[in-house]
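In the order they appear, the protein sequences are chains V and S. Using this note's numbering, you'd call the opening residue of the first sequence number 285 and step up by one each time. Using this note's numbering, you'd call the opening residue of the second sequence number 1046 and step up by one each time.
Simulated from the structure, these hints should not be mistaken for laboratory data. The beta carbon of each residue, even a glycine, is placed where N, CA and C say it ideally should be. One thing to keep in mind: the hints can contain errors.
Across the chosen pairs, the derived CB separations fall in these ranges [unchecked claim]:
1) V/Ala456 / S/Arg1082: 51 to 57 Å
2) V/Gly451 / S/Gln1116: 49 to 55 Å
3) V/Ser346 / S/Glu1067: 44 to 50 Å
4) S/Val1154 / V/Val454: 32 to 38 Å
5) V/Ser346 / S/Arg1136: 15 to 21 Å
Covered by chain V, per the in silico footprint, the following chain S stretches (three or more residues, Cβ under 8 Å) [unchecked claim]:
6) 1093-1100
7) 1112-1118
8) 1150-1161
Residues per chain are reported as follows:
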Amino acid sequence: MFTSPDPDAHLMLRVKQGDAAAFEELVDKYKQPVMNFVYRTLPDATEAEDLAQHVFLQVFKSAHRYEAAAKFSTWLFTIARNLCLNEIRRRIRHPADSLDETYPDDDRPIRQPQETRNFSPPDSLLHAELEGKVEEALAALPEKQRTAILMCRGDEHSYEDIAKILGCSVSATKSLIHRGRETLKEKLKPYLRTGAWKA
Amino acid sequence: MNDSEFQDLLEESWRRPLTEEEQMQLNAWLATRPEARAAWEEDAALNRSLQNLPDAPLSSNFTALVMQAVQRQALPTPRTHSTVRLRLWWRRLSWGVACATVAISAVWVGLQQHHHNNELRAREVATGLAVLANVTTLSDPAVLSDFDAIQRLSLTSDDDEELYAVLNN
């Protein structure tokens, strides 16, 4: 009898048996966390959402390989990270459209320059500016440091889980997070010292 | 609290807000180490900024789009799953049979070659024995001890015939 404390593992076992409702429940629960992660790897919202959909599609296609002993979210984010890495490698091998290219019907550039990215609702411009600085600093980190820091948010993953996602030891994971945070603190020092981040 | 416990608390703060008890322990620690307070507050500010990052934009019909894509892939039924397992099992069996066939063929060829070699060797031995059997009809070896006589055996001059007659006597 299956006795895992992870409720998502139970849902995933039902997915293995062909339960579509169980799969839909998992998608609803994890769509935002997965999108938050993918969005901070790929620079485009549309492409990030496409990739996030592929993550769940891959989860579904790999359902027969899911081992109940593994925590579902760890398995899910391992798939998400691998697909992001594949996409990054693909873009390196096949560089994306030129920044000068425009949509066929108007003059809008296909790719928005990074410094004009807006991550927040339009009615919160000050927060948008501050949050933009954090997003830029995160985007500039090496992939493993950025992934480790993003996985560390919100008490969703233990250090052991994050280590499994990254494929390294717990001590190496903490080291990655520490180095990434030091870099972020250095870049964001003016904002951190003025207390602009205090809610 | 010692340095190691402080480090553990710091690492926990990266993942989640500290509990009230943890915060009290931390404040007590920082009270004895004022030089560490500025660094801690910078760390805490970064924690807040990371925690407050907004959610990425997501389509309202995201789940529906995923389920549509899944429908196109076809839901995995237990029978389909069994078919996949059967196919995998058959593939493994075929591979095993192929390897066994290759191995048995190699052994059979090796045995055939060994038998053939043995036959050849036996024939060679038989031929050699036949040659030895014919050796008994040869002349007395003592005749061959006189080398000059041997050399002149093929000559046809009268002198040699005379010599030959002498030797035979």
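Hint by hint, here is what the structure shows:
Take V/Ala456 and S/Arg1082: their Cβ atoms lie about 29 Å apart, and the range 51 to 57 Å is violated. Range check, V/Gly451 to S/Gln1116: Cβ separation about 33 Å, and the 49 to 55 Å hint is violated. For the pair V/Ser346 and S/Glu1067, the supplied restraint of 44 to 50 Å is violated, since their beta-carbon distance comes to about 39 Å. Checked against the hint of 32 to 38 Å, the C-beta distance between S/Val1154 and V/Val454 comes to roughly 56 Å, which is inconsistent with it.
A hinted range of 15 to 21 Å for the beta carbons of V/Ser346 and S/Arg1136 is consistent with their spacing of about 19 Å. Given a C-beta distance limit of less than 8 Å, the hint that chain V covers the stretch 1093-1100 of chain S holds, as 8 residues qualify and 3 suffice. Counting residues of the stretch 1112-1118 of chain S whose beta carbon lies closer than 8 Å to any beta carbon of chain V gives 4, which meets the minimum of three for the stated coverage. Proximity of the stretch 1150-1161 of chain S to chain V, defined as three or more residues with a beta carbon under 8 Å from a beta carbon of that chain, is not established by the 0 residues found.
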